[in-house]
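Given the coordinates of chain S, work out where chain L should sit on it, guided by the hints.
Residue numbers (the working numbering), protein chains in the order written: chain S, 1 to 99; chain L, 1001 to 1199.
By construction, these hints were calculated from the structure, which means they are not laboratory data. Please note that the accuracy of each hint is not assured.
Listed next, with one range per pair, are the computed distances between beta-carbon atoms [unchecked claim]:
no.: 1; chain 1: S; residue 1: G35; chain 2: L; residue 2: E1192; range: 35 to 43 angstroms
no.: 2; chain 1: L; residue 1: S1012; chain 2: S; residue 2: N2; range: 30 to 38 angstroms
no.: 3; chain 1: L; residue 1: P1136; chain 2: S; residue 2: R8; range: 20 to 28 angstroms
no.: 4; chain 1: L; residue 1: R1107; chain 2: S; residue 2: L68; range: 48 to 56 angstroms
no.: 5; chain 1: S; residue 1: E11; chain 2: L; residue 2: E1122; range: 34 to 42 angstroms
no.: 6; chain 1: S; residue 1: G35; chain 2: L; residue 2: Q1119; range: 22 to 30 angstroms
no.: 7; chain 1: S; residue 1: G55; chain 2: L; residue 2: H1173; range: 25 to 33 angstroms
no.: 8; chain 1: S; residue 1: A32; chain 2: L; residue 2: R1153; range: 42 to 50 angstroms
no.: 9; chain 1: S; residue 1: R7; chain 2: L; residue 2: E1192; range: 23 to 31 angstroms
no.: 10; chain 1: S; residue 1: A32; chain 2: L; residue 2: V1190; range: 35 to 43 angstroms
Heads up, incomplete: computed chain S residues facing chain L, CB under 7 angstroms, no partners named [said to hold, decoys possible]:
no.: 11; residue: L5
no.: 12; residue: F9
no.: 13; residue: H45
no.: 14; residue: G49
no.: 15; residue: T60
no.: 16; residue: A61
Just so it is clear, CB atoms sit at the ideal spot from N, CA and C, and this is done for glycine as well.
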Amino acid sequence: MNEILQRRFRERLPVRLHEIEIRLNRLEECPADHGVLLEIMRGFHSLAGIGGTYGCHDLTARARVSELICLDVLEGGRTVSAADVAILREAVLSLATAA
Amino acid sequence: MTLPVTSLLCPSCGAEINALTAEVCQCIAAHATVICPSCRSCLCRNPAAVSAFLRSASSEVTVRLNRERNRREDPANAARLADVLIVDDDEEIRDMAAYRVEQMGYRVRTATGAAEALQMIEQTSPDIVLTDALMPLMDGRTLCRRIKDLNPRIKVVIMTSLYTAPRYKAEAHRVFGADGYLAKPVDFPVLEATLGKLR
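Chain S on its own, in the form it takes in the complex (with noise of 0.2 angstroms):
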């Protein structure tokens, strides 16, 4: 049971990057948007949360540095830069392979 979870999480990790990708695609076409700011952040919670249970705690850390870039946006009610976009699509590079 364990081995299926494993490689049904390691399968899925791909298709999760892939999204918050996606979504950052929109961002950088509208950042004053916070609705996919906020999607993103969920998706960057989601791996930080699922990276650990998993045993891959440095997807976990990677993924909660990126979590709190978005909080700190949408927190400070600003409009993301397009450093903090760079500085997101990096994060989600550095996960593909923290996995």
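Okay, now just chain L, sitting in the frame of chain S:
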């Protein structure tokens, strides 16, 4: 003269429950006695009908009922068989948590969100609810408050990867009535200890 009540109709799915199919209830309501074998809903909301049915039903049902009561009243068994409802919108976390909690010796059910969880709790009360904090539509802390309004005896543990500061933990207890607060990713030995304290 009162006519014997030889069967019950499940108010949820309409299935007929008779002496052969009736199962003893495993929810925590003291008057609850029978669950529907088809949809697993508890008939604890209709104690008069259940009581009449049990008076008329075969001795087999009564024996099963007594056996279940004895098993629940035995502290060791009650602890081992505690019913845990895991609520998380993330399938992978939900399934892994269910797998691990089952391995700890609990009976586990899962819900994909707060609405489904509340529906399940209304039918059969779990002993412990383990819920994610951040979920769409209704978050785990609001779910916790709703559960406590429904049945304060149900213990609720909130899992979160975001609000881990002690002030959030205190708030979860004070405002939402949470009995436990765990950081995600869940450390399973810590979870086991937390569940052990609550049962």
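Worksheet entry | Verdict for S1012 of chain L, N2 of chain S (Cβ pair) under range 30 to 38 angstroms | 34 angstroms, holds
Discussion item. Hint validation: A61 of chain S versus chain L, beta carbon distance must be below 7 angstroms. Holds or violated?
Written reply: Where the cut-off is 7 angstroms and the nearest Cβ of chain L is about 10 angstroms from A61 of chain S, the hint is violated.
Practice prompt. For the range 34 to 42 angstroms, tell me whether the beta carbons of E11 of chain S and E1122 of chain L fit it or not.
Written response: At 36 angstroms between Cβs, range holds.
Discussion item. Hint H45 of chain S vs chain L: min CB-CB distance below 7 angstroms?
Written reply: 6 angstroms, holds
Discussion item. Please check whether A32 of chain S and V1190 of chain L have a Cβ separation lying inside 35 to 43 angstroms.
Written reply: About 40 angstroms separates the Cβ atoms of A32 of chain S and V1190 of chain L, which means 35 to 43 angstroms holds.
Worksheet entry | Cut-off 7 angstroms, beta-carbon criterion: hint that L5 of chain S touches chain L | 5 angstroms, holds
Worksheet item: Is 22 to 30 angstroms a correct range for the gap between the Cβ atoms of G35 of chain S and Q1119 of chain L?
Response: With a Cβ separation near 27 angstroms, G35 of chain S and Q1119 of chain L satisfy 22 to 30 angstroms, so the hint holds.
Worksheet item: When you take the CB atoms of G35 of chain S and E1192 of chain L, is the distance between them in 35 to 43 angstroms?
Response: Hint holds: Cβ distance 38 angstroms, inside 35 to 43 angstroms.
Discussion item. Within 42 to 50 angstroms: is that where the Cβ-Cβ distance between A32 of chain S and R1153 of chain L falls?
Written reply: At 46 angstroms between Cβs, range holds.
Practice prompt. Using 7 angstroms as the Cβ threshold, decide whether T60 of chain S counts as touching chain L.
Written response: 5 angstroms, holds
Worksheet item: Measuring from the C-beta of F9 of chain S to each C-beta in chain L, is the shortest one below 7 angstroms?
Response: 5 angstroms, holds
Item to complete: Could you see if the CB distance from R1107 of chain L to L68 of chain S stays within 48 to 56 angstroms?
Response: 37 angstroms, violated
Violated hints, in rising order: 4, 16; the structure is consistent with all others.
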